[in-house]
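Asker: Quick note, the sequences are listed as chains A and B, same order. For the first sequence, counting from 1, position 302 maps to 302 in my numbering; every step adds exactly one. For the second sequence, counting from 1, position 438 maps to 438 in my numbering; every step adds exactly one.
Each hint should be verified, as a subset may be incorrect.
Identical chains blur together in the list; that is why a pair holds if it fits in one copy or across any two.
Lysine-lysine pairs mimicking DSS-like chemistry, simulated, CA-CA at most 30 Å apart [what the hints assert, rightly or not]:
| # | residue 1 | residue 2 |
| --- | --- | --- |
| 1 | Lys382 | Lys232 |
| 2 | Lys445 | Lys69 |
| 3 | Lys20 | Lys382 |
| 4 | Lys86 | Lys257 |
The hints are simulated quantities; they were obtained by calculation from the structure and are not laboratory data.
There are 2 protein chains.
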Amino acid sequence: MKFVIIGGDAAGMSAASRTKRNRPEFEVIVLEQSQDVSYSACGMPYNIADPERSMEDLVVRRAEVFIEKNKINLLTGHRVTRIDRKAGKVMGVTRDNQDFTMAYDALLIATGARPHVPDVSGIDLPGVMPLKSLDHGKKIKAFIDENKVQKAVIAGMGYIGLEMCEALRARGISVDMIKPGPVFLPWMTPELSRVVADEVTANGVNLYCGEAITAIESVGDGGLMVVGEQRKLLTDLVISASGVTPCSELAVEAGLKTGIAGAVAVDAMMRTSDDRIYAAGDCADAIHVVTGDKCWIPLALRANRAGWAVADNVCGKEIRLQGVVGTAVFKVFNMQVARTGLCLQEAREAGFDPAEVVIKSRSKAHSHPGSAMIHVSMVGDKKTGRLLGAQMVGTDGVAHRINAPAVALHAGMGVADFIQCDLGYAPPFGPVWDPVLTVANQLIKKL
Amino acid sequence: MKFVIIGGDAAGMSAASRTKRNRPEFEVIVLEQSQDVSYSACGMPYNIADPERSMEDLVVRRAEVFIEKNKINLLTGHRVTRIDRKAGKVMGVTRDNQDFTMAYDALLIATGARPHVPDVSGIDLPGVMPLKSLDHGKKIKAFIDENKVQKAVIAGMGYIGLEMCEALRARGISVDMIKPGPVFLPWMTPELSRVVADEVTANGVNLYCGEAITAIESVGDGGLMVVGEQRKLLTDLVISASGVTPCSELAVEAGLKTGIAGAVAVDAMMRTSDDRIYAAGDCADAIHVVTGDKCWIPLALRANRAGWAVADNVCGKEIRLQGVVGTAVFKVFNMQVARTGLCLQEAREAGFDPAEVVIKSRSKAHSHPGSAMIHVSMVGDKKTGRLLGAQMVGTDGVAHRINAPAVALHAGMGVADFIQCDLGYAPPFGPVWDPVLTVANQLIKKL
Chain A
1 MKFVIIGGDA AGMSAASRTK RNRPEFEVIV LEQSQDVSYS ACGMPYNIAD PERSMEDLVV
61 RRAEVFIEKN KINLLTGHRV TRIDRKAGKV MGVTRDNQDF TMAYDALLIA TGARPHVPDV
121 SGIDLPGVMP LKSLDHGKKI KAFIDENKVQ KAVIAGMGYI GLEMCEALRA RGISVDMIKP
181 GPVFLPWMTP ELSRVVADEV TANGVNLYCG EAITAIESVG DGGLMVVGEQ RKLLTDLVIS
241 ASGVTPCSEL AVEAGLKTGI AGAVAVDAMM RTSDDRIYAA GDCADAIHVV TGDKCWIPLA
301 LRANRAGWAV ADNVCGKEIR LQGVVGTAVF KVFNMQVART GLCLQEAREA GFDPAEVVIK
361 SRSKAHSHPG SAMIHVSMVG DKKTGRLLGA QMVGTDGVAH RINAPAVALH AGMGVADFIQ
421 CDLGYAPPFG PVWDPVLTVA NQLIKKL
Chain B
1 MKFVIIGGDA AGMSAASRTK RNRPEFEVIV LEQSQDVSYS ACGMPYNIAD PERSMEDLVV
61 RRAEVFIEKN KINLLTGHRV TRIDRKAGKV MGVTRDNQDF TMAYDALLIA TGARPHVPDV
121 SGIDLPGVMP LKSLDHGKKI KAFIDENKVQ KAVIAGMGYI GLEMCEALRA RGISVDMIKP
181 GPVFLPWMTP ELSRVVADEV TANGVNLYCG EAITAIESVG DGGLMVVGEQ RKLLTDLVIS
241 ASGVTPCSEL AVEAGLKTGI AGAVAVDAMM RTSDDRIYAA GDCADAIHVV TGDKCWIPLA
301 LRANRAGWAV ADNVCGKEIR LQGVVGTAVF KVFNMQVART GLCLQEAREA GFDPAEVVIK
361 SRSKAHSHPG SAMIHVSMVG DKKTGRLLGA QMVGTDGVAH RINAPAVALH AGMGVADFIQ
421 CDLGYAPPFG PVWDPVLTVA NQLIKKL
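Put together the whole structure using the sequences plus the hints.
Answerer: Written as structure tokens, this is what we have:
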């Protein structure tokens with residue numbers, strides 16, 4: 001068995017390592033266009049925040065280790081340009097401009113996602129930078145140091161943008177954030193979104209929502225001018241963080257089926273429309289457990305899990321993934337932000353008849369020191385009583401709390417079942433009725 | 001409807017308040033032998049730890065509020081001595097030695113639990129004190145202040161004993177802990193139990209397991225001598241914390257069915273063997289969701305939830321509780337300790353064919369600052385693949401993490417389903433594979 005993997009990031013390397021663990025006799029070849037494999041992409045903002053840390057800290061495992069210890073044929077600097085399904089081959093070009101061809105018995109497309117590049121003049125100026133790969137991270141950090149950056153504009157207000165906003169403020173850099181959409185966090189219930197926005201602005205960041213960038217201009221001596229619809233922002237650095245796009249061109253050109261958001265369509269076994277070709281990670285779609293529909297929610301855990309599933313399936317195990325519930329957490333300054341499942345609007349669009357409750361609760365017991373306010377939203381379906389989603393923001397005890405409703409979503413629990421859950425209680429960690437139970441106790445009255 | 005409630009603690013007051021909210025026209029009478037209702041019993045150790053705080057901080061709601069605002073006929077200083085089921089009456093005596101009789105249409109026994117009193121000479125000496133009621137807490141705190149306590153012995157190593165141990169150390173008091181059982185935390189898997197024991201001893205506390213106390217002696221000038229089987233401990237204060245016993249005497253004398261540990265037997269609607277009499281809180285039993293058998297796990301959330309269920313049922317709603325999974329968390333010094341479901345030994349005793357895995361994992365992402373080690377155990381059933389329980393200890397990110405497997409236990413999930421759960425990930429809060437997923441990924445290989 002010759003198993004070829006295009007892309008040596010989370011999904012690709014998970015698949016490669018697990019295949020060799022399962023079946024050491026299989027030949028596993030990874031073709032990675034960059035020099036970097038197995039690094040903590042999500043850790044980059046935290047690393048950039050700390051001038052004392054090297055970006056190399058983020059490397060979990062070096063390419064040599066995969067080659068020598070795991071016996072993976074890991075070829076960095078190898079960019080695949082075409083998949084020939086009939087011949088069972090991939091073709092490409094190396095960093096040194098050498099053409100190569102590689103035959104496969106099974107193929108995994110793990111090409112990930114790339115930053116969306118807005119169609120704005122000046123987006124390619126020096127000092128305008130996206131953050132996705134380790135290389136991007138290194139460039140941003142070096143740019144900050146070398147140019148003594150004092151001002152930055154972040155275009156976009158997604159997870160990456162907000163994490164970078166905190167990182168830049170930690171470096172003493174003043175930050176403006178701007179995006180065309182009118183709502184700060186459109187997937188979040190308005191009351192909770194406001195709490196997060198307040199935390200960001202309280203940390204000295206300007207938020208300009210509903211304002212597209214029309215141009216970025218060079219203004220002598222390395223300065224940049226971000227021209228928005230209503231203002232001009234003078235800056236040293238622009239972080240372009242307006243979302244990502246699945247890298248599915250190879251799949252499209254090979255005639256494989258793509259679907260939502262242009263991601264490669266896969267079944268529960270991570271197979272594309274060609275039985276010999278799998279796709280996993282940020283380039284592939286998934287089933288949303290709550291809606292039953294296809295979705296594209298590129299996150300790290302799914303990439304790792306899908307990589308493992310592909311490895312097992314290449315080895316003949318027939319592993320089927322159930323899908324995702326869209327659980328996501330991030331931190332911005334002192335605020336922890338978490339979501340799982342559907343928000344009210346998503347629930348409506350998916351054809352449910354949803355009700356939502358938003359509450360405030362203490363993060364710790366009555367009168368316990370260090371308690372903070374948690375804002376919790378929960379959405380349920382009036383027709384079936386089913387739990388559909390939950391969201392939470394607060395400075396204490398938010399991140400891990402979201403996982404209880406996340407598991408309930410996987411189990412297809414009704415809100416009436418969820419309120420019966422026997423969750424932990426001790427004064428340093430929460431009130432007797434955990435905030436996720438309190439919100440469910442309120443929600444059940446509206447279903 | 002005249003609804004009489006014996007006991008004005010968590011279950012009793014929850015039932016009383018909710019009944020009046022549901023049906024303001026119902027007459028609700030609470031007979032409470034002490035003066036205190038609605039206080040945070042679990043908060044007492046943390047209050048005792050802080051000499052600046054008043055014990056009154058722990059009172060969530062005063063009796064007057066229940067009487068005036070909620071229109072509950074709350075009678076403190078009323079001790080019930082007998083239930084006459086035929087006549088539908090309870091009899092008792094007031095603090096002022098007045099006999100009283102109260103007729104009921106529906107009755108709730110919410111008498112709670114009392115500290116187990118070991119059969120040891122000297123257990124009634126001044127300076128030997130249990131901690132269960134607010135009155136106990138007040139006495140301990142006053143005793144510490146008035147006698148300038150420097151040394152304490154805690155008899156028992158349960159949650160209360162360990163929380164008190166931390167509280168006393170915070171007051172600069174040296175602490176010895178002693179108990180007859182040979183194992184520090186017998187319900188915890190040995191590797192995790194050792195981590196907790198190490199934390200306790202690292203904080204200057206001596207642990208003497210496997211050593212019964214044979215006597216407590218007075219040694220002049222207020223001093224006490226705890227005589228163990230192998231040593232004598234000179235001390236100023238003894239906290240008697242060797243567990244609690246359900247207060248089910250009234251029920252037993254009335255001929256109601258009791259069961260496990262002597263607790264009042266109730267059905268899913270919290271009805272005793274007499275249709276007009278309910279029981280809830282620490283005096284009543286429950287179904288364990290994992291085993292399907294009766295259990296007695298007296299914890300605050302269950303008491304509150306059962307109180308609500310009784311209220312709804314008295315009001316004709318027919319609420320059935322599914323049962324408990326035994327989720328419990330506590331903190332001792334910097335260590336967070338959490339469990340849910342069955343440990344290996346309990347699983348064997350319940351007739352499962354269990355396998356267990358114990359792992360260590362980082363609490364935060366690779367290379368993220370502030371990451372600490374979490375020790376996690378998970379137990380599954382080899383016959384059915386079902387998840388049976390989980391335990392966790394660590395200084396960071398333990399308490400709320402236990403709720404994900406707790407919900408999975410309620411859903412009856414298999415380990416193979418649990419490993420598919422889409423949990424949150426961000427570097428400040430955990431690794432990509434959350435520790436509860438990593439342990440499940442290992443456990444599935446043994447099932």
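Asker: Are the hints correct? Go through all of them and say.
Answerer: Cross-check of the supplied hints:
no.	hint	verdict
1	Lys382 x Lys232	neither (47 Å within a copy, 65 Å between copies)
2	Lys445 x Lys69	between (58 Å within a copy, 23 Å between copies)
3	Lys20 x Lys382	between (48 Å within a copy, 27 Å between copies)
4	Lys86 x Lys257	within (16 Å within a copy, 75 Å between copies)
This entry does not satisfy hint 1, going by the numbered hints stated previously; all others are met.
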